[in-house]
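Student: Below, each chain spelled out in residue letters.
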Amino acid sequence: MVNDPIHQFRIHNIFGPWNIFGFEIGFTNSNLFMGIIVAVITGFLLLTARKGSLVPGRLQSVGEMWYGLIHNMVDNVLGEEGMAFFPLVFSLFSFVLVANMLGMFPYFFTVTSHVIVTASLAVFVVALVIVVGIAKHGLGWFRLFVPHGVPMAILPFISLIEIISFLSRPISLGLRLFGNMLAGHIVLKVFAGFVVSLVALGLGGIIGSLAPLLMAVALTALEFLVAALQAFVFAILTCVYLNDALHPSH
Amino acid sequence: MDANAAKLIGAGIACLGMGGAGIGVGLIFGNYLSGALRNPAAAGAQFTNALIGAALAEGLGIFSLVVALLLLFVK
Chain A
74 MVNDPIHQFR
84 IHNIFGPWNI
94 FGFEIGFTNS
104 NLFMGIIVAV
114 ITGFLLLTAR
124 KGSLVPGRLQ
134 SVGEMWYGLI
144 HNMVDNVLGE
154 EGMAFFPLVF
164 SLFSFVLVAN
174 MLGMFPYFFT
184 VTSHVIVTAS
194 LAVFVVALVI
204 VVGIAKHGLG
214 WFRLFVPHGV
224 PMAILPFISL
234 IEIISFLSRP
244 ISLGLRLFGN
254 MLAGHIVLKV
264 FAGFVVSLVA
274 LGLGGIIGSL
284 APLLMAVALT
294 ALEFLVAALQ
304 AFVFAILTCV
314 YLNDALHPSH
Chain B
4 MDANAAKLIG
14 AGIACLGMGG
24 AGIGVGLIFG
34 NYLSGALRNP
44 AAAGAQFTNA
54 LIGAALAEGL
64 GIFSLVVALL
74 LLFVK
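For the record, the sequence lines run as chains A and B. Quick note: the first sequence uses the working numbering, first residue 74, plus one each step. Quick note: the second sequence uses the working numbering, first residue 4, plus one each step.
Everything labelled a hint here was simulated from the structure, so no lab data went into it. What you are looking at is a predicted structure, and each value in this text was computed from that prediction instead of being measured. A hint or two may mislead.
[Stated by the list, open to error] Here are the in silico distance ranges between beta carbons for each label pair:
1) B/THR51 x A/ALA294: 17 to 25 Å
2) A/HIS221 x B/GLY15: 42 to 50 Å
3) A/SER126 x B/ILE16: 24 to 32 Å
4) A/SER126 x B/THR51: 27 to 35 Å
5) B/GLY15 x A/HIS320: 43 to 51 Å
6) A/VAL223 x B/GLY22: 28 to 36 Å
7) B/ARG41 x A/ALA208: 43 to 51 Å
No residue lacks a Cβ here, since even glycine has one placed at the ideal position from N, Cα and C.
Pulled out of the complex, with its shape left as it was, chain A reads as follows (with noise of 0.2 Å):
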């Protein structure tokens, strides 16, 4: 059993490598994760709206509340036009909150954890917003980045800032999820890896290996929390970026 931090992020086909167009495709461990997040949020919200009753029950509370978070936030940032992308905010939340409370679990594999797919989201995240900010406004989208009552002279670089900072927006956006469970769990299994070092030295080395084992059930607990907040943000952002595309104004 390989025990560096490390490990945990290997990606390895399950199903052997396909020669598809010449390219080397097979299912991964990743690709089997991504499918039971969809099952598994596919399934429990199936089974909370299954009694459908006016006065919801427990379960049937929890997916209304689900819902109406993202209902909330779409409403309070996007306005009454802007609940056309709940759909795609409610997709991306449970997607992402799903992906990293699944990876909270031993040898589960965190989606997450890997650049490719935060930055995958993230890229399609801003790309929707430049398409559908110039299908909506036509070329006077570009508005956005000609901030009101600026002096002439300075224009054209607060412009460039503004553009830059705009493409910043799908680097930082993926980073950011990617950064915080990537690091997340290589500290959890460096802590792990105290314990199991600590206990390998004998009586004193079991007594003390406490220290590292308390520590690291602090830190799941703090994954625990970071997991929904980065989720929570990630949607948010999303509607901050898209409120970019419906109303582009300085």
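Given the coordinates of chain A, work out where chain B should sit on it, guided by the hints.
Tutor: Same frame as chain A, but now just chain B:
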């Protein structure tokens, strides 16, 4: 100094960036708490904004951690 030693030292220096992130997050929540103690009724409505601000500030610290991890673990 060989490249590997320089990488390890660079990873350690990169982790200093997270101090700024800690200060930033502390500033946000400190201001939120002082505002909430003055106006408790309005505190709940702004808690979401506090979380967004804290996540944005912490994100920059995480970027510096990513640089450190890149230096440590990418060949």
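Student: Each hint needs a verdict: does it hold in this structure or not?
Tutor: A quick look at each hint next to the structure:
1. B/THR51 x A/ALA294: 17 to 25 Å: holds, 22 Å
2. A/HIS221 x B/GLY15: 42 to 50 Å: Once the Cβ atoms are compared, 45 Å apart, the range 42 to 50 Å for B/GLY15 and A/HIS221 holds.
3. A/SER126 x B/ILE16: 24 to 32 Å: violated, 59 Å
4. A/SER126 x B/THR51: 27 to 35 Å: Holds - the Cβ-Cβ distance for A/SER126 and B/THR51, about 30 Å, lies within 27 to 35 Å.
5. B/GLY15 x A/HIS320: 43 to 51 Å: holds, 45 Å
6. A/VAL223 x B/GLY22: 28 to 36 Å: holds, 34 Å
7. B/ARG41 x A/ALA208: 43 to 51 Å: Distance hint for B/ARG41, A/ALA208 holds at roughly 45 Å.
The structure fails hint 3 only (numbered hints given earlier).
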